[in-house]
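Q: Could you use the hints to bring the two separately framed chains together as a complex?
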Amino acid sequence: MSDTAVAPSKEKTSFRGNGGVRGWFGRQPTWVRAIVTVVALVLAILLPYAGDVPLIGPQIVTQGIDWPSSLFNMSYYVLLALGLNVVVGYAGLLDLGYVGFFAIGAYGTALLTSRDSLLYAHSGWSWLAAAPVALAITMAAGLILGWPTLRLRGDYLAIVTLGFAEIIRIVATSTPNFLRGDRGFTNIPHPPGQGSDGKPIFGVTDATPYFWLGLGVIVVVILGVRNLDRSRVGRSWLAIREDEEAAEIMGVRTTRFKLWAFAIGAFIGGLGGVLFAGEQGFINSQTFVLQFSILVLAGVVMGGSGNMAGAILGGALISYIPDRLRGISDPFFHTDLYEYRFAIFGVVIIVIMVLRPQGLIPSRRRAMELKDREKEVAPQ
Amino acid sequence: MSEPHIETPEELDRSDARPVDQAAPTGGPDLTTPTVGDPDLLLEVDHVTLRFGGVVALNDVSFSLRKGEIFGLIGPNGAGKTTCFNAMTGVYQPTEGAIRFQGESIVGKKKHEITRGGIARTFQNVRLFPEMTALENVMVGADAHHKTSVLSALFRLPRFWQEEKSGRARSMELLRFVGIAHRAGDVSRNLSYGEQRRLEIARALATNPTLLCLDEPAAGFNPAEKVDLLALIRRIRDTGVTVLLIEHDMRLVMGVTDRIVVLEFGKKIAEGTPAEVRDNPAVIAAYLGVPTDAA
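Chains L and D, in that order, give the protein sequences. Going by the working numbering, the first sequence runs without a break in its numbering and finishes at 596. Going by the working numbering, the second sequence runs without a break in its numbering and finishes at 321.
Calculated from the structure, these hints are not laboratory results. Here a beta-carbon is modelled for each residue, glycine too, at the ideal position from N, C-alpha and C. A few of these clues could be false.
Said to hold, decoys possible - Stretches of chain D that chain L covers, calculated by requiring three or more beta carbons in the stretch to come under 8 Å of a beta carbon on chain L:
(1) 104-115
(2) 148-156
(3) 164-173
(4) 178-190
What the hints assert, rightly or not - To be clear about the criterion: a stretch of chain L counts as covered by chain D if any three or more of its residues have a C-beta under 8 Å from a C-beta of chain D, and this derived list gives those stretches:
(5) 306-320
(6) 464-478
Stated by the list, open to error - SDA-like, lysine to any residue: derived pairs with alpha carbons at most 20 Å apart:
(7) Lys135/D to Arg469/L
(8) Lys191/D to Leu475/L
(9) Lys136/D to Gln119/D
(10) Lys173/D to Leu475/L
(11) Lys136/D to Glu460/L
Extracted from the complex, chain D is given alone in its bound form (with noise of 0.2 Å):
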């Protein structure tokens, strides 16, 4: 039987992507599935259900993620990956199970709020603000943090320079960071299309989250693009930042991350390692649509 995922393709070859049958990238790290009072542990999904009328989205779906790691979360479409993202951050509430990010219960908090707790995103269809430029996109990000109210805004207290310096600086680096500072001027809607979604990782980042949620970031992108991407995604955890992916390209997936969970039909089918996952005959079966029985 074929393997799911995608022969490695010449582009592989000359990236600097790890090969997908490699080792994990960072020097031993621990693969295990952090438990509850693993100083690790960072965020913790527990047994989470979410119903909408009859249609189970998610089905007691439980995971955890260490810090420190990229995890991805992956799945054939309509899996619940966008949903399980759109649960971590507030859009929608868990009917059941609970949601805990750094020991702490984030269901039923404000979207803002847990943004300022330390969890930001991408969307998978991308959302900037259009007709603000990029530099301002990103400073509404890093304005999560600030304090300006109206009254220090409208009669220019110390803390409104205090803070727009220092959020503008923050902002130009973080465009400089993803590699499209020379765009800062424009409006967003003007740049393009791989532009934008390194926009929308920029403006995440200014939240200044312990961590980041990419929702498909590869998503319409070339295989260089997706090299460059993955170069990205490597450079951001090695700030310090926990990446949680999910994405469709599997090879992506299998060169990027340290630990995978596998959803299909709203309930997860498989946990580990990238190799095991694709070792996993439940994976494949998903992926290559192979009925279970026969796998």
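Excised from the complex, chain L in its bound form (with noise of 0.2 Å):
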């Protein structure tokens, strides 16, 4: 509702979110901002050692997997869902087989890196130098992607864009030299940098700098699709989202705009490949299979779409849930819960969307269209 009274002021500050925990952020002055900002980076870098607060810590951590590799596994999971909430969040395209950019920017990065690579005879990169080349022959696949599928929207989009993961899957299975199928690639370089003890910070028994790689990477993330939202850009992404031929007619250049979504969605989810890669040491063609896709937009979804606070929780909760279940027996069957937890995680979705169908954080564009289709059903 409209507040007359306020009217004046309103003008100006009222261009985004008014209510919710973001409508008070945004009505903070600058410095509570800050602050607020600077808080939950520190408390994010501080993590790792989450397992040493009392009490609380012991029931957060993983128990079947280290707690820091966890946190690895959240930090990826997380770039995904920031990058597919702009390929489905902002601009609408329905995407189902954003793995395959993941896939091309970890598998971009072992043939530039590794020993097993058909190319490592002229190449054998650092994984520094790797890193953008890879990134690079993403977004080209993004483009590649985008540019015969423009004039496809919804199912048909989906339907392509599973076809194009499953492509890229198949071809690694079926290369056994140039993408070497099961055997995949191993040695793939590190991240550079030795600590003050002359080991490197990465190395191969603790995550922990992995995590604070990622971490960096994921803030970096936020800030260039928070910079791209509230632009041209971002409006001409929802106009299209919205009302594609309505867009068009005023003014905006849609085949411009959704292929730039695509690009942009492609880098990254590339970026989480390279970091993968680089983390692992080793990828094959089953670390690609088609339900991370699946898992991912679920996670998108499920955290609100639209919505980088969304997307960045649902992304972190798909990868926290198997990985807790972890290391639990099953009190009948004494098996590892770890073996249900597709499984569990299904009823953990439904569960969401049955109390909170706009996701957990969403956007507020989405609650409020909910919330107008509450009122059609049931007025006043």
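A: This is the structure we're talking about:
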């Protein structure tokens, strides 16, 4: 409801969200926002030590997998969710094959760096040198997928993107010398850097530095996507999502901005793949199964499509929930609950979707829409 | 025989609307059809035919618009008025004929190119971006002439700040112009129907058009709202924008337009000033359903 009493100031401030936590956050002076952001960031950096917190800590940390590794898993899932949120949440292009870009980022890194690669004689690059090239390849792949599918929307686009991810996986499986199928690539180098004791910062025993690296990348991605969202680019994406033809008639270059959405989404997905390859040191075609794409999409929708905070939370949860189940045996058959992860996960998603169909942290717009629908169903 | 337009009701008396039988609003404007070579010629629809399979939606329709006028496109339901709009804004491509805007053919151009070239439109069924705020909706229109690229948005380069600031100021100004500035921050789906119609006009104006096409802007309005709309359309014209109006409400059309073209079954059946068109037997027949031979 508009409040005429505050109309003059409202003209300036009401560009974005009004209610909820984010509404509160948006109304705070800059210094409050800065403090809240810094505190959140410090807490995120300290996450690897969460197990040391009395009482709550042991409940949070994972058991069957070491906690820093689980945190690193979360970081690349969050990256994927952020990237997919640009494509699905902002531009409204349903992409079911998003894992394809993750795979291209990882394979690009592996091809340029691993000793198993056919290209090794020519390349044998460091991880850091390979990363930008792999990302450029991923972005190009985004354009290659985006260009022929520009005319497609909804279900049809979903089918084509689904095929895209499968093609990449099948090519990987069926080219034993190039992408090496199940054997995969070994000895992918880790990110560079040495500690003061002369040991490499990014080793094989402790995943904590990888988590911090992932966290740093996430922060940069958040800032970048936020800048795009609050600009002509973000408005164009939303306009395309809402009514593509009307958007074009209002002068939006729909082709260009849809391609940008694909390319930026691909870039962020590729970042996840590059990080993943650098941490694992090994990838093969089994890594990039279709469930992965579906899982990330579920995370975005569960968290709140079209909203970055939601995508982050959703991405973290789809990684955390299965990891947390590891090492816990069920009381009846004494098997690892991890074996039931998809069943449990399905129940969690159903419960969330029943109780909170707009997602855990909905985009303001989405929440509004659902509220409106309720009104339509039961007027006053 | 009763006249096809509606009798002057009391709301016309208390409004600023011009009574139907009075002369055109501006002091002695040129009311003739502009022809090729006329410097006032803005848009030329030249023998346009549009077929969908066997259906002829537009049949050899020709008319032309003069700069600065308010031009009415009327006709019964299904006459091809909206089809004509769609052909002019690039949604459909004419099967035959040409459409020239400021002397340049717009057939085959992309929709966003036509918009940037100076033709803006609204829709018969409101087509806003429902989950964006009113201000954001208008800013999408203002963005049509912006050049902020992904890189300048990403790195917040000077062009971004400059265009964002001017675009927002202009959008607020347009919201004030159409009278809904107080709803700037509200999601457009929450606006009332009348406000949504006005928002659509503001969004179209934000693209900085030379020609504004309004597709039944008064549909669903009550008489008082129609009077306000008439005033708004006149104010738009006074800013130098040529207005092309599709409308069902004969009183509204007669009250505001300088010239009118009447379509029926995809064909042009009459053209002229409101007074001329009103007395045209073919128009009366089309609106009252009288067989042409009996009229």
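Q: Give a verdict on every hint.
A: Checked hints:
1. Residues of the stretch 104-115 of chain D lying with their CB closer than 8 Å to a CB of chain L number 1, which falls below the three-residue condition for coverage.
2. Requiring three or more residues with a Cβ within less than 8 Å of a Cβ of chain L, the coverage given for the stretch 148-156 of chain D holds, as 5 such residues are present.
3. For the stretch 164-173 of chain D, the assignment as covered by chain L holds, since 7 residues bring a beta-carbon within under 8 Å of that chain's beta-carbons and 3 suffice.
4. Under a criterion of three residues with beta carbons nearer than 8 Å to beta carbons of chain L, the stated coverage of the stretch 178-190 of chain D is upheld, 7 such residues being counted.
5. Residue count for the stretch 306-320 of chain L with a Cβ under 8 Å from a Cβ of chain D: 0. That is fewer than the three needed, and the coverage hint is violated.
6. Requiring three or more residues with a Cβ within less than 8 Å of a Cβ of chain D, the coverage given for the stretch 464-478 of chain L holds, as 8 such residues are present.
7. Between Lys135/D and Arg469/L, the direct Cα distance comes to roughly 13 Å. Compliance with the 20 Å bound is thereby established for this hinted pair.
8. At roughly 26 Å between alpha-carbon atoms, Lys191/D and Leu475/L are farther apart than 20 Å, so this suggested pair is violated.
9. Restraint check for Lys136/D and Gln119/D: the C-alpha separation of about 10 Å stays at or below 20 Å, so the hint holds.
10. At roughly 17 Å between alpha-carbon atoms, Lys173/D and Leu475/L fall within 20 Å of each other, so this suggested pair holds.
11. The straight-line distance between the Cα atoms of Lys136/D and Glu460/L is roughly 13 Å, inside the 20 Å bound, and the hint therefore holds.
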